[in-house]
Structure formats: structure tokens, C-alpha cells
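A.B. asks: Given only the sequences and the hints, what does the whole structure look like? Please build it.
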Amino acid sequence: MRAIVQDRYGNVDDLRLGEVPRPEPAEDEVLVRVRAASVHPDVWHVVTGQPAVLRLMGSGVRRPKDRVPGTDVAGVVESVGRAVTRFRPGDEVFGETIRGVQWRNGGAFAEYATVPEEGAALKPPTVSFEEAAAVPTAGLIALNNLPQARVPTGSRVLINGAAGGVGAFAVQLAKAYGAEVTGVDHRRKLALVRSLGADRIIDYTCEDFTRGGEQWDLIVDVPGNHSFQEIRRSLDPHGRYVLIGHDAFGATGHHWLGSIPRMLGLVTRSAVTPELRGGSFASPDKRRLMTTLTQFLETGQLRVAIDRTFPLAEAPEALRYLASGQPVGRVVILVGG
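Numbering (the UniProt record's numbering), first residue to last: 1 to 337.
Treat the hints loosely; a few may be bogus.
Restraint-style ranges between C-beta atoms, simulated for each label pair [unchecked claim]:
1. His186 x Glu27: 40 to 48 Å
2. Gly197 x Gly18: 22 to 30 Å
3. Glu214 x Arg62: 44 to 52 Å
Quick caveat, the hints were computed from the structure, so don't treat them as lab data. The beta-carbon is built from N, C-alpha and C at its ideal position, and this holds for glycine as well.
C.D. replies: Shown next, in the form of C-alpha cells:
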């Protein structure tokens, strides 16, 4: 089968289109004939091998353990493992190809990919393959960090990085829960943030939300471009802070550890800091979260804005475009028709 192949860590230009054997599903996996796959920051980090610590967290130290990049797919079930009970050949599905929380290649940029049953869900008929492929990783992160119990009706929520993959889902989830949402991003992307339901938008090039004297009940910080001391003055005394920990495609210069030291520091500090309580690195319940995401997609409370699509052979260009910061919406790779 055709696939994008990665032989070493490095530049996206090191990726190539090649022929690889079609994978065989394990007993708890489904084999999917891929129609679309999405690119997201975690894919870029595994392709480049940055930050280096991620190589110890699943991807391989000297070279990638798995040669085909990508983790998020949508397509049609070709076959199922003997222990699979929820899917059958012909089902239209979407899901995440990796297990648990790992930073590794997941085989999505190919004509066929295997998906663990727990990480897959039936694609709603009203959602295209391209849209569905853009949901899993970003949607799982947003939903896992923004459960309804954390956002009571009427809460004032600020999403920093509201137009990105995780941020866009966070805006819509908070609105679905009945929150008043403020979205922060670059002026080029604010129309998208408004269209997703944000009640108020802030252009970070003109206004620093941490210096206006306003306070929120919950701040979800995707880029992590403010210190906790700055964030804290914008939190209600009983508010909460959630750091997603985006490493800005290596722009922070932390090529060895990335944002991990900061996140570990916040988790440690959470024992004595009320605003940080509830954070963890625990693996999510993917089956439950994928079911919830599907329900939100079916009701229209979650939607996906796609900026641009690329054919499989142009996956390196898709990753380069993603890392440029230009996309206003998701970037998707079209695989099969």
C-alpha cells in the first residue's frame, strides 16, 4: 500500500511517499481503509524528534519505531480483530490509531491503518470524512481537560489559543455547557473564533488579557505563553487554570524537554495552589470520550472548520503549512476516494 514513510528524525522534507506492507489488525483492532487523516502538532513533534525527551515516551530513541506518521483517521472498516464487538466491515468510522497517551507514529498517513477499538467511533452521517479525521486528538485533549463538571452553567471561561485544534473544540464545549466564553487569538483568526460561538474575542497583538484587570472562572491556556503568575491575576479567587502545553513547534527553544518541566512544576505545585488542582497526566478513557465527541458532532454542538486539504503525496507540505501558524482551521490529508 502507499504510505508516507519516515526513516529518521529531522525535517519534514525527509518524509517520502513509498510502498509498505498493509498492516494486520490485532484482536482488539479494526483495519480501516483510510479516506482522510489530519495533521496536528504532535505529528510534527514526532517527525522532527523535538523535544528529544518524547523519544523516550514511545516514538523510539535513535529512529522512529514505526515508520508511518499520523494518528488521526477517518475511513471505512475493512476487517476487524476477533475480539472486536462494536464494528464490522463497511462501517464508516473515525478515531485515533495510538493507544493511551503516547508520542509516536501511528500509521495514519497511509491507505490502510489499524485503530484500537477503544479509540474508534462510528462517523455521524452528517460529518464528512475530512471533518471526522480532524476530531480525535484535538477533541480528546479538549474534552479530557474540559469536562462538564469543571464548567458550571454561567461560568466565565477564557480560551487562550481559541482558533487552534484544541482551542476551537474548547470554545464549543464551553458554550455547550452554558458558559460565557472569551476567545484569544491573532486578529486573522478571530472571525473563526466568533463563528464557533465565542461571546467575546481578544486580539492578543493588541491586548494582553492578563493586564486588563478582568477575571475568569476558568482559563484554558493552549500556547502557554504567559507565566502562571501572570495568569493568576486574571483568575477569580476560586478559579481554575488548565495548561495544555503546546510547545509552539520548537519555537520556545526547549529542544530537549519542551514544556514538560513547566507542566510537572504546575502539577507539583497544585498540592498547595487551589487554582491548579485537578491536573494530571492520567490516560483518558478514550471509549467514553469518543462517544461523547460523537454525540456533540451529531447534535451540531461541535463542528470542524477546515482550512486546507492536501493529497497524501504532499503530507510534508501539509506539516510545513501547519507549523507556519498560517492555518485558520484544520489541515487534512486526503488519502482515498
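A.B. asks: It remains to establish, for every hint, whether it holds in the given structure.
C.D. replies: Taking the hints in turn, this is what the structure says about them:
Roughly 46 Å separates the CB atoms of His186 and Glu27, a value that falls within the hinted 40 to 48 Å. At about 42 Å, the beta-carbon gap between Gly197 and Gly18 misses the expected band of 22 to 30 Å. One distance hint, 44 to 52 Å for the beta-carbon pair Glu214 and Arg62, holds here, with the actual separation near 49 Å.
Checked against the numbered hints given earlier, this structure breaks only hint 2.
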